[in-house]
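Peer 1: Let chain S serve as the given structure and place chains G, Z and F on it in line with the hints.
There are 4 protein chains.
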Amino acid sequence: MHKGRLEAFSDGVLAIVITIMVLEMKVPHAEGHSADFTDLQKLWPVFSSYALSFVYLGIYWNNHHHLFQAVTRVGGGVLWANLHLLFWLSLLPFATGWMGENHFALAPVALYGAVLLAAGFAYYLLVRSLLAHHDADSPLAKAIGADRKGKLSLVLYVVGIALAHWQPWLGIGVYTLVALIWLVPDRRIERTLGH
Amino acid sequence: MHKGRLEAFSDGVLAIVITIMVLEMKVPHAEGHSADFTDLQKLWPVFSSYALSFVYLGIYWNNHHHLFQAVTRVGGGVLWANLHLLFWLSLLPFATGWMGENHFALAPVALYGAVLLAAGFAYYLLVRSLLAHHDADSPLAKAIGADRKGKLSLVLYVVGIALAHWQPWLGIGVYTLVALIWLVPDRRIERTLGH
Amino acid sequence: MHKGRLEAFSDGVLAIVITIMVLEMKVPHAEGHSADFTDLQKLWPVFSSYALSFVYLGIYWNNHHHLFQAVTRVGGGVLWANLHLLFWLSLLPFATGWMGENHFALAPVALYGAVLLAAGFAYYLLVRSLLAHHDADSPLAKAIGADRKGKLSLVLYVVGIALAHWQPWLGIGVYTLVALIWLVPDRRIERTLGH
Amino acid sequence: MHKGRLEAFSDGVLAIVITIMVLEMKVPHAEGHSADFTDLQKLWPVFSSYALSFVYLGIYWNNHHHLFQAVTRVGGGVLWANLHLLFWLSLLPFATGWMGENHFALAPVALYGAVLLAAGFAYYLLVRSLLAHHDADSPLAKAIGADRKGKLSLVLYVVGIALAHWQPWLGIGVYTLVALIWLVPDRRIERTLGH
Chain S
6 MHKGRLEAFS DGVLAIVITI MVLEMKVPHA EGHSADFTDL QKLWPVFSSY
56 ALSFVYLGIY WNNHHHLFQA VTRVGGGVLW ANLHLLFWLS LLPFATGWMG
106 ENHFALAPVA LYGAVLLAAG FAYYLLVRSL LAHHDADSPL AKAIGADRKG
156 KLSLVLYVVG IALAHWQPWL GIGVYTLVAL IWLVPDRRIE RTLGH
Chain G
6 MHKGRLEAFS DGVLAIVITI MVLEMKVPHA EGHSADFTDL QKLWPVFSSY
56 ALSFVYLGIY WNNHHHLFQA VTRVGGGVLW ANLHLLFWLS LLPFATGWMG
106 ENHFALAPVA LYGAVLLAAG FAYYLLVRSL LAHHDADSPL AKAIGADRKG
156 KLSLVLYVVG IALAHWQPWL GIGVYTLVAL IWLVPDRRIE RTLGH
Chain Z
6 MHKGRLEAFS DGVLAIVITI MVLEMKVPHA EGHSADFTDL QKLWPVFSSY
56 ALSFVYLGIY WNNHHHLFQA VTRVGGGVLW ANLHLLFWLS LLPFATGWMG
106 ENHFALAPVA LYGAVLLAAG FAYYLLVRSL LAHHDADSPL AKAIGADRKG
156 KLSLVLYVVG IALAHWQPWL GIGVYTLVAL IWLVPDRRIE RTLGH
Chain F
6 MHKGRLEAFS DGVLAIVITI MVLEMKVPHA EGHSADFTDL QKLWPVFSSY
56 ALSFVYLGIY WNNHHHLFQA VTRVGGGVLW ANLHLLFWLS LLPFATGWMG
106 ENHFALAPVA LYGAVLLAAG FAYYLLVRSL LAHHDADSPL AKAIGADRKG
156 KLSLVLYVVG IALAHWQPWL GIGVYTLVAL IWLVPDRRIE RTLGH
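Chains as they are written, first to last, in my numbering: chain S, 6 to 200; chain G, 6 to 200; chain Z, 6 to 200; chain F, 6 to 200.
Same shape as in the complex, but just chain S (with noise of 0.2 Å):
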């Protein structure tokens, strides 16, 4: 089986997933007048949970990018992993919206975190598929190594909902701490290829 339909579908679902998400940045209606500044300041909490979800989908994406380069087969059980990973980052939107416009209230904050969670354990679900598909010298396995930056992500956002319910806040700086981390693409592949 070849990898490319993989790709391309998954390609249409992120882009999908990236844009819908701004159909939750309603334009501002009021009665009479709406076209302030002062309307547009209102939409900042829903701007920057916006913000930060693209980047996190864009990371996703350069991922799943980077991951399927080194890839050279794909069995049955892959394109499950794969679509099980779609499904959680399909319903990062939603989240989304639900914490821009409650102003990163407790309860958005925590399910922010845990769709968050969700698709990240996915994620090493997937990278563990394709690795049974590949040999432990193949450049799939060497770039993978020990995957120190996927497990920790995922403690790292058990952290961030349980410190959310402390202190919500808390909890988004968490997340953005994990998106900076991966937002150094993933070197290890690029380096292992480019040998």
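Errors might be hidden in some of the hints.
Note that identical chains are pooled: a pair holds if it fits in a single copy or bridges any two copies.
Derived DMTMM-like pairs: lysine to aspartate or glutamate, alpha-carbon spacing no greater than 25 Å straight-line [to be verified]:
1. Lys-156 <-> Asp-142
2. Lys-47 <-> Glu-29
3. Lys-31 <-> Asp-41
4. Lys-31 <-> Asp-140
5. Lys-154 <-> Asp-142
Bear in mind the hints are in silico, worked out from the structure with no lab data behind them. All values derive from a computational prediction rather than experimental measurement.
Peer 2: Below, chains G, Z and F without anything else, positioned relative to chain S:
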């Protein structure tokens, strides 16, 4: 005629259908306060409807992917048979939203089954129109074989719709059963192509 | 310049246009009770408008697919002629929604015809701009020939719009007739390419 | 790293952004009667905003297409420069909708210009990050040259935003002027690649 653009267009439509369904999962709004975990709990029928439809669309994408890997020739009739399938699948978000919002009431559950039945029948017609362009000993024809799963699904959808009139939850149970039957990817094609 | 990305972008836009139309088919909401089959029956004008537009977009996708199979060279003018076609097709969901919600009243039916007319004219311009890059004895030029179907469609749209002012249903009848004329895929190109 | 998936993902996002803008053009609803041509006339600011943004996104797609035809190597920084461009372009539907619904009032016109400015600057950064991976005598470097059009556009956006504070229509006029300047596809690249 080559099959590349048909696959790309189908991937596009399926990616959009699978993603816009999540737009039916409206961010909870309430007077004053809507950022509670209890608001989220009310969404479980919408969420579980979404999850079931996501699995169904994943199955269709997987089977479509497998099917067209064995295809070598595509004629004009196949283009329309494929669009016919996409038409019914494009109605799934509507049926999903109606079912979720009405907590699995009779009419929405029956409609959901009817859309699944129509899509299943359209897939059957697509397979037939593809077989008409391939020899009886082609990999495609061997891989499809007697298409027992496809025929059984159509019967089960009818059973599910009928049972839904008595007890909607039984209908959902049957639709879930069909999804489980298909969750195993179409190993027939994988096996035949493997040789 | 190669045509691959133009095809991919067109497929993307057409896939989205064909799919977001279904968002106009709103899940029925009513005070207290909205999960009845009677609620569904009220949706038939929206549903039949959707079905007609789906067929039209399917025809455009099919013809676009056939057309570009015969194309060997794409210039800058073709990119814009193609975007111009996509612009009018992107207005079809709006026209479809307005027509369906107003039960085929005069103004929406006339607007629907106007969008079809503009799209048909844009397709004609696209074909002209492609022919300008190909010789008179190229497969493309032979396949297009006198383009009788294309010209007839434009005339019929005008007739349909005019008739709609007298009796909206006659307009719909003419638009449906044009769709039926085109449902046969562009065999001219298939036949010519077959040689 | 090959550029295929970057192009495909960008095409996907641009196709969705260009299409979901039309969702802002809401089907007119009114008590009792809303199927009049006069209801349609009220939509002209929304329609003309949509048309302007469609042209802008078409320009970006065309230029992106031309740009990446000359590209031979893509690094990790380019992936993020590209996502940064897509981020600003994804905000165009929101700015378009706000501007159209408020009949070209000051704040929305200024915001629209700000989004165009940010997108223009992001495109400039993308070109820079691509040049960093290519030699000074590569086809890409020659095709870009001094990038006078790109720099002029940024200046004109600032002028447009400033003028909008005095007279919103002047802002729109300047944005339209920039679109006209770019409507001519990037012949520099076409010419250079032609040799």
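Peer 1: Does each hint hold? Answer for all of them.
Peer 2: To see whether the hints hold, each was checked on the structure:
1. Taking the closest pair of Cα atoms, Lys-156 and Asp-142 come within 25 Å of each other only inside a single copy of the chain (21 Å); across copies the shortest separation is 44 Å, beyond that limit.
2. In the homo-oligomer, the alpha carbons of Lys-47 and Glu-29 lie at most 25 Å apart both inside one protomer (14 Å) and across protomers (20 Å), since each shortest distance falls under that limit.
3. In this homomeric assembly, Lys-31 and Asp-41 come within 25 Å of each other (Cα to Cα) both inside a single copy, at 15 Å, and across copies, at 22 Å.
4. Taking the closest pair of Cα atoms, Lys-31 and Asp-140 never come within 25 Å of each other, the shortest separation being 49 Å inside a single copy and 45 Å across copies.
5. Taking the shortest Cα distances, Lys-154 and Asp-142 sit within 25 Å of each other inside one copy (20 Å), while across copies they are farther apart (39 Å).
Of the numbered hints given earlier, the model fails hint 4 alone.
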